[in-house]
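There are 2 protein chains.
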Amino acid sequence: MAKTVVYVTYKRGVLDPQGEAVRGALASLGFQGVRGVRVGKYIELDLANGRPEEQRAEVEKMCRQLLANPVLEDFRIEISPSAPPE
Amino acid sequence: MAKTVVYVTYKRGVLDPQGEAVRGALASLGFQGVRGVRVGKYIELDLANGRPEEQRAEVEKMCRQLLANPVLEDFRIEISPSAPPE
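First to last, the sequence lines map onto chains A and B.
At position 61 of the first sequence (counting the first as 1) the number is 61 in the working numbering, and the numbers step up by one without a gap.
At position 3 of the second sequence (counting the first as 1) the number is 3 in the working numbering, and the numbers step up by one without a gap.
Errors might be hidden in some of the hints.
A pair holds if it fits inside one copy or across any two, identical chains being indistinguishable in the list.
Said to hold, decoys possible - Simulated crosslink set (DSSO-like; lysine-lysine; CA at most 27 Å straight-line):
hint, residue 1, residue 2
1, Lys11, Lys41
2, Lys3, Lys61
3, Lys3, Lys41
4, Lys61, Lys41
If you're looking for bench data, these hints aren't it; they were derived computationally from the structure.
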């Protein structure tokens, strides 16, 4: 099983309303010293085995077509080595 | 500046409807070989400097009180080394 993780975050400079809401909520709960919060997505994909370089290209296509909004968001892909075939 | 990242994911065995929706959407876009998708949160906290062990305890409290639902979700905390004081 190849585990692939995609991180989707707002680009720097894009307002993150969910992060701002969390920052405000933390402050109202008494947590001092939180200067900023950004909330993104953490997406785990369980892919059928394949060559890592092909998988990366495929996952990049998924990000551009569905998982991220390239206008507002950045994405980062991490592919862990597949387990050896059994 | 200390950057702290919190990953919030559904516990194994808990149905993830957003992940299921993404899996279905990827399949309908023609992406074969996606056997499962889990969607979690990736939260970046910008904390005022402090001792790492105190920060970790503080962030664990934030997770239990606000950032995660301990009944359904797991969380993982990563604290990067703070920049040296200027």
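Here's how the hints hold up against the structure:
1. Lys11 x Lys41: both (13 Å within a copy, 16 Å between copies)
2. Lys3 x Lys61: Cα proximity of Lys3 and Lys61: one copy only (17 Å, versus 30 Å across).
3. Lys3 x Lys41: both (16 Å within a copy, 17 Å between copies)
4. Lys61 x Lys41: Result: close both inside a copy and across copies, 17 Å intra and 21 Å inter.
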